[in-house]
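Protein sequence lines correspond, in order, to chains A and B.
Start counting the first sequence at 1; every next residue gets the next number (my numbering).
Start counting the second sequence at 1; every next residue gets the next number (my numbering).
Bear in mind the hints are in silico, worked out from the structure with no lab data behind them.
Bear in mind that the values here come from a model prediction, so they are computed numbers and not experimental data.
Do not take every clue at face value.
[To be verified] PhoX-like mimics (lysine-lysine), calculated; alpha carbons at most 25 angstroms apart, straight line:
#1 149(A) to 288(B)
#2 287(A) to 579(B)
#3 328(B) to 200(B)
#4 288(B) to 145(A)
#5 320(A) to 194(B)
#6 287(A) to 688(B)
#7 279(A) to 611(B)
#8 194(B) to 38(A)
#9 611(B) to 202(A)
#10 62(A) to 194(B)
#11 688(B) to 27(A)
#12 406(B) to 176(A)
#13 287(A) to 611(B)
#14 580(B) to 62(A)
[Claimed, not checked] Covered by chain B, according to a simulated footprint, are these stretches of chain A (three or more residues, beta-carbon under 8 angstroms):
#15 40-52
#16 112-122
#17 159-167
Glycine is no exception: its CB is placed at the ideal position from the N, C-alpha and C atoms.
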Amino acid sequence: MRSILAGVLFLCVAFAYCDMEGTAQLKRLQQDEGACLKVFQDASAPSVERRIAYRKLLEGTKHADATLVSALNDKDPVIRRNAVYVAFQRNMPGLFNTLKTLVADEDFNVARMVLDCANQFPNAEQRTELLTLVSKSSKHTELRKLAYKIVDFPFNRENRRLKDTPGYDHEIVTVKSIPLALEGWKIRLDPALNGHKKGFFKPDFDDKLWKAQKIGDWESQGFPGYDGVAWYRFKFKMLEKIDSNAVELHFGAVDEVAWVWLNGVYIGQHDVGTMGWDKPFDLDVSKEIRWGEENVLCVRVEDSVAAGGIWKPVVVNVLK
Amino acid sequence: MMKHICFSLFAAFAMVSLFADGLGISTTGAKAFVRNDKGVLHVVLRNDGAKALTGIKLDGNWIGGHVTGALDKLEAGASNELALPVETRLAVGKYDLELQGTAKAVDGSAVTGNCKVQITIAKMLQDRIPIVMNDSGGWKDAHNLGFTHSIDYICYFLARRPNFKLSYEHLDNVLATGHRFQEQICTPPEYVKKYPRLDKNGNPYNSTRNMDVSNPEFLKEWQAFFTKAMGFANTHPAFETYCTMSESHDNTQPSFTKHTKEAFKKYAGYDIPVEIDSREAPHYNSIKNFPISRVIDEDDRIFKFYTWFWKEGDGWNNLYSFIHDMVKENVKHKNWTFFDPSVRVPPVWGSGGKVDYISHWTYAYPDPIRVGVATSEQQAMAAGRPGQKIMNMTQNIAYRSQVAPKGAKVSKQPSWVNDEPNAVFITLAPDLMREAAWTQISRHVQGIMFHGHPALFKVPNSKHGYRFTNGETAGVLKDFFARVVKPLGPVLKSVPERNPEVMVLESFASSVFAGRGTWGERGWEYDASLMMLWANMAPRVIYEEKIARDGLDGVKVLVMPYCDVLPKTVYNKILDFQKKGGLIVADEYAVPGIVPDISIKAYRRTGDPRKDKEILQNAGLELRRALAPYYSPYASASNPDLVTWVRSSDKADYLFVVNDKRTFGDYWGQYGLVMEKGVSNSGTVTLKRKAGAVYDLVEHKEVEFSSDGNNTTMDFAFNAPDNGRLYLVLPEKLAPPSVKLASKAKRGENVALAIEPRFASGKAVKSIHPLQIEVKDANGIVTDDSTFAASIDGSCKHNISLPLNAAVGTWNITVTDLATGNAVAKTLQVK
Chain A
1 MRSILAGVLF
11 LCVAFAYCDM
21 EGTAQLKRLQ
31 QDEGACLKVF
41 QDASAPSVER
51 RIAYRKLLEG
61 TKHADATLVS
71 ALNDKDPVIR
81 RNAVYVAFQR
91 NMPGLFNTLK
101 TLVADEDFNV
111 ARMVLDCANQ
121 FPNAEQRTEL
131 LTLVSKSSKH
141 TELRKLAYKI
151 VDFPFNRENR
161 RLKDTPGYDH
171 EIVTVKSIPL
181 ALEGWKIRLD
191 PALNGHKKGF
201 FKPDFDDKLW
211 KAQKIGDWES
221 QGFPGYDGVA
231 WYRFKFKMLE
241 KIDSNAVELH
251 FGAVDEVAWV
261 WLNGVYIGQH
271 DVGTMGWDKP
281 FDLDVSKEIR
291 WGEENVLCVR
301 VEDSVAAGGI
311 WKPVVVNVLK
Chain B
1 MMKHICFSLF
11 AAFAMVSLFA
21 DGLGISTTGA
31 KAFVRNDKGV
41 LHVVLRNDGA
51 KALTGIKLDG
61 NWIGGHVTGA
71 LDKLEAGASN
81 ELALPVETRL
91 AVGKYDLELQ
101 GTAKAVDGSA
111 VTGNCKVQIT
121 IAKMLQDRIP
131 IVMNDSGGWK
141 DAHNLGFTHS
151 IDYICYFLAR
161 RPNFKLSYEH
171 LDNVLATGHR
181 FQEQICTPPE
191 YVKKYPRLDK
201 NGNPYNSTRN
211 MDVSNPEFLK
221 EWQAFFTKAM
231 GFANTHPAFE
241 TYCTMSESHD
251 NTQPSFTKHT
261 KEAFKKYAGY
271 DIPVEIDSRE
281 APHYNSIKNF
291 PISRVIDEDD
301 RIFKFYTWFW
311 KEGDGWNNLY
321 SFIHDMVKEN
331 VKHKNWTFFD
341 PSVRVPPVWG
351 SGGKVDYISH
361 WTYAYPDPIR
371 VGVATSEQQA
381 MAAGRPGQKI
391 MNMTQNIAYR
401 SQVAPKGAKV
411 SKQPSWVNDE
421 PNAVFITLAP
431 DLMREAAWTQ
441 ISRHVQGIMF
451 HGHPALFKVP
461 NSKHGYRFTN
471 GETAGVLKDF
481 FARVVKPLGP
491 VLKSVPERNP
501 EVMVLESFAS
511 SVFAGRGTWG
521 ERGWEYDASL
531 MMLWANMAPR
541 VIYEEKIARD
551 GLDGVKVLVM
561 PYCDVLPKTV
571 YNKILDFQKK
581 GGLIVADEYA
591 VPGIVPDISI
601 KAYRRTGDPR
611 KDKEILQNAG
621 LELRRALAPY
631 YSPYASASNP
641 DLVTWVRSSD
651 KADYLFVVND
661 KRTFGDYWGQ
671 YGLVMEKGVS
681 NSGTVTLKRK
691 AGAVYDLVEH
701 KEVEFSSDGN
711 NTTMDFAFNA
721 PDNGRLYLVL
731 PEKLAPPSVK
741 LASKAKRGEN
751 VALAIEPRFA
761 SGKAVKSIHP
771 LQIEVKDANG
781 IVTDDSTFAA
791 SIDGSCKHNI
801 SLPLNAAVGT
811 WNITVTDLAT
821 GNAVAKTLQV
831 K
């Protein structure tokens with residue numbers, strides 16, 4: 001780090017004299033399309049200057065189309081990302097195939113732009129094809145999951161807890177903790193991944209045929225070796241309303257990924273991949289909890305390695 | 001036969017009263033008056049006899065001359081109040097006045113009464129920067145530490161009590177010291193349940209402060225009470241500042257009451273959009289057909305709702321304006337209103353409404369220079385209301401859970417843990433306080449504030465939630481106020497910020513549709529400013545509305561952290577800025593239509609303060625390096641722990657340098673959450689200018705520098721815990737100031753003192769310049785004409801106001817240039 005700092009001091013002084021030259025070059029580029037073309041085609045030119053050249057060329061008429069095509073494969077991901085966006089906005093000929101080739105872009109932000117374009121692609125069939133391709137071929141796990149969810153599993157919510165409320169400048173106290181029973185849960189496996197389409201999370205869903213389950217891994221409770229998705233349902237009576245600022249569900253641990261509904265409303269997810277199997281998490285349910293009434297909790301659990309399931313207690317915390 | 005009954009209601013109510021066969025004379029209200037201000041003594045005449053009195057006359061003689069008043073008739077058992085003007089052009093001190101009353105009884109006999117009053121002439125307050133203890137806990141402690149204002153007792157609360165009366169003796173004592181009180185307005189608890197905000201289903205929100213302040217019935221009801229409370233405050237000039245409420249936006253939510261729905265429809269022309277459910281809009285990812293450009297029309301229905309909601313729709317800003325207007329209407333003596341924390345809202349103009357000052361508090365950890373970012377945000381906020389000024393504030397406290405969590409096992413547990421095992425809020429570390437305070441005054445603010453009185457003063461058996469765990473912190477403030485803030489206050493208030501060249505856009509549209517925003521305290525946008533502070537790039541925050549209104553003329557670099565979504569006008573102005581040669585620095589979240597000239601990566605803190613600081617410092621330096629061929633900031637430093645800030649006036653630069661080199665100490669450091677211990681540091685700072693002289697404004701002496709014509713470089717050596725400097729950089733050396741003063745004057749006259757700071761070449765110093773004026777009367781007593789001052793536009797015109805009873809003889813006036821320490825002495829013969 002020290003060497004960087006010393007270098008920076010030197011650079012600051014040195015560039016104090018260079019900035020006039022650099023600024024003059026930027027001005028030249030703003031005015032001279034020919035200079036822009038030269039700089040844009042020079043892969044070794046400074047990225048600041050190449051980006052200015054790119055923008056300038058796109059504004060013009062003479063080199064715009066060729067620049068855009070070239071930019072889609074530019075070495076600078078910032079230019080590539082913008083080129084994808086511009087190609088989509090301009091409905092560039094061959095856009096569908098172009099996007100297909102860019103699905104596997106190494107750069108996350110370029111690939112994300114491709115996903116955004118895919119998601120708004122005007123032709124429904126092609127949209128689904130592109131999204132499916134992203135869900136299978138993207139080099140970025142997050143984008144693969146996102147595309148899958150757009151296509152098939154539209155449950156995603158940023159759950160904001162009281163402690164994360166912007167500007168919350170108070171100490172938070174748990175005024176009541178209500179542990180949910182360890183027994184009395186019900187479970188159903190979902191190897192076809194369509195439980196959400198069947199409405200497993202709905203409060204009035206008939207779960208009579210579901211198997212009884214305790215808090216603990218499902219392997220030891222009748223499903224040895226099962227890796228995949230399973231759904232849990234649990235009913236509990238909430239106490240009468242007390243003075244408070246928030247209510248949260250605390251999960252001691254779910255192995256591995258969890259999606260949570262309360263009273264039919266999607267609450268949020270604990271989705272950090274396989275590493276999430278032993279991590280506690282909390283979800284705000286202030287709006288969804290029904291004080292003094294029966295509540296229906298539903299958890300979709302996905303496990304990919306070894307044991308799976310809700311294996312540590314769940315607690316309702318009332319906060320002030 | 002005269003019957004003298006002298007009583008006082010109780011100790012807090014000083015009321016001298018004498019009764020004589022029915023004529024009672026007493027005083028109420030202030031008996032202390034600021035020298036040369038309007039003085040009015042309120043005298044109560046009471047007929048305690050069984051029959052009416054007529055022809056009542058009141059007379060008194062004192063050093064201030066003759067006092068007189070009259071009343072035609074006073075019925076039996078009745079009382080009446082006379083307002084008697086009193087002379088205040090007297091020297092500061094206490095003076096006796098004896099009032100004599102005469103009246104006629106119905107049988108023609110004379111009835112008399114008298115009353116002895118001691119009048120205090122309090123010192124005039126010269127130009128000073130407010131140093132506010134925005135807390136209660138003992139005004140004398142606060143005053144002795146150097147605070148100019150604090151909370152003591154609050155009319156707003158006490159006016160609820162039946163038969164409440166102010167203790168004027170107490171207020172008079174305060175006035176005499178020059179201290180002033182803050183009134184703290186808060187959400188009236190009795191109205192919270194009565195006027196709740198309603199959610200979409202018509203149910204009250206589950207929050208203690210979420211009052212529906214737009215409700216016309218509430219405003220009507222509250223106005224009556226508030227007027228009564230301000231009536232009390234109006235009776236004494238010790239009540240000077242009025243905080244229009246705190247933290248009230250925190251729990252705000254859209255209210256679906258009839259009048260709110262009607263108000264929005266009137267504003268927008270349509271009903272509240274169905275998507276609106278809370279103060280947080282749906283994320284753009286979840287909005288169907290959200291434009292892929294992420295550029296929205298200003299008329300977008302959801303955007304329009306939240307623009308309205310945060311500016312006026314939730315009612316709070318209008319309420320602050322309402323309070324401000326009522327204070328101005330009901331309080332006739334000097335007053336000023338403020339609101340805090342003003343940027344604990346999304347980045348959109350309007351916070352605080354019409355108040356005179358907006359303020360904002362920050363916690364001085366993990367990085368104490370962070371108050372500079374919040375101050376810049378306030379400047380961005382105030383840009384929406386020309387003329388509105390700002391103050392900033394540091395918390396004297398720390399959340400223990402954030403700096404030294406209870407129950408955490410550490411080696412070498414700090415000693416305070418044994419003394420305060422259950423503390424929740426503890427005293428801020430002294431080195432952090434010093435650094436934060438230096439950062440506070442480096443910005444152009446009109447006052448500085450602090451909160452957490454009990455964390456600074458040890459009070460035996462205190463039950464307060466704020467615990468006193470470090471005795472050094474109060475001393476840091478006392479020293480800082482005395483050596484830096486008070487002497488330089490008039491200058492600190494006056495020297496403007498430089499025209500901004502590097503601006504950080506905090507996007508309101510992104511806060512609405514992507515959940516962004518610093519809320520005045522944290523997040524990547526906040527850290528983006530911090531990293532550039534460490535790189536000495538002088539970043540300033542800008543809001544979208546400012547760009548839409550004024551464009552980006554003069555700006556060289558626009559930094560765009562978390563600008564996921566932009567309004568169309570702003571987007572177009574940014575593109576226009578870029579086309580004209582402006583440089584854009586943006587992260588990976590920027591709207592896709594913008595191609596940044598330089599890319600940065602959004603950073604999320606890890607919780608390891610050393611690592612976070614190092615990463616952000618390096619990111620700032622890397623950005624500076626990337627910009628260097630095209631733009632170089634005005635200041636640079638040889639290491640990023642030397643954090644500079646420059647304000648400029650004419651050809652003078654006020655250079656603030658804060659040493660931010662810190663490590664883990666033995667107060668909190670064991671817990672690894674905050675580096676709270678200052679470390680010695682040295683290096684150089686360079687400004688892109690030519691200089692002929694540099695002065696240390698705290699030490700009042702010239703310092704060495706080198707100047708090659710284009711750059712001026714100064715050495716800095718900080719021996720911990722010392723961590724701040726203020727240098728004045730000038731084009732040439734200073735000579736002693738020119739001072740003009742008449743040689744003689746009479747008592748009661750005003751004597752003009754004209755000071756002109758000069759360079760050694762004889763040219764006038766046109767920049768704002770710090771001076772000290774000391775006036776000693778013929779007895780050698782320093783008078784209240786003495787002051788610290790700022791010379792502006794080449795001169796400082798001061799008035800020496802000789803009291804009617806001024807000490808006759810030779811007065812000595814000394815003018816000191818606070819840059820050089822050079823003093824010029826003059827004498828004045830007073831007859």
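Structure-based check of each hint:
no.: 1; hint: 149(A) to 288(B); result: holds, 15 angstroms
no.: 2; hint: 287(A) to 579(B); result: violated, 48 angstroms
no.: 3; hint: 328(B) to 200(B); result: violated, 37 angstroms
no.: 4; hint: 288(B) to 145(A); result: holds, 19 angstroms
no.: 5; hint: 320(A) to 194(B); result: holds, 21 angstroms
no.: 6; hint: 287(A) to 688(B); result: violated, 57 angstroms
no.: 7; hint: 279(A) to 611(B); result: holds, 24 angstroms
no.: 8; hint: 194(B) to 38(A); result: violated, 71 angstroms
no.: 9; hint: 611(B) to 202(A); result: violated, 46 angstroms
no.: 10; hint: 62(A) to 194(B); result: violated, 69 angstroms
no.: 11; hint: 688(B) to 27(A); result: holds, 23 angstroms
no.: 12; hint: 406(B) to 176(A); result: holds, 20 angstroms
no.: 13; hint: 287(A) to 611(B); result: violated, 38 angstroms
no.: 14; hint: 580(B) to 62(A); result: holds, 21 angstroms
no.: 15; hint: 40-52; result: holds (count 5)
no.: 16; hint: 112-122; result: holds (count 4)
no.: 17; hint: 159-167; result: holds (count 4)
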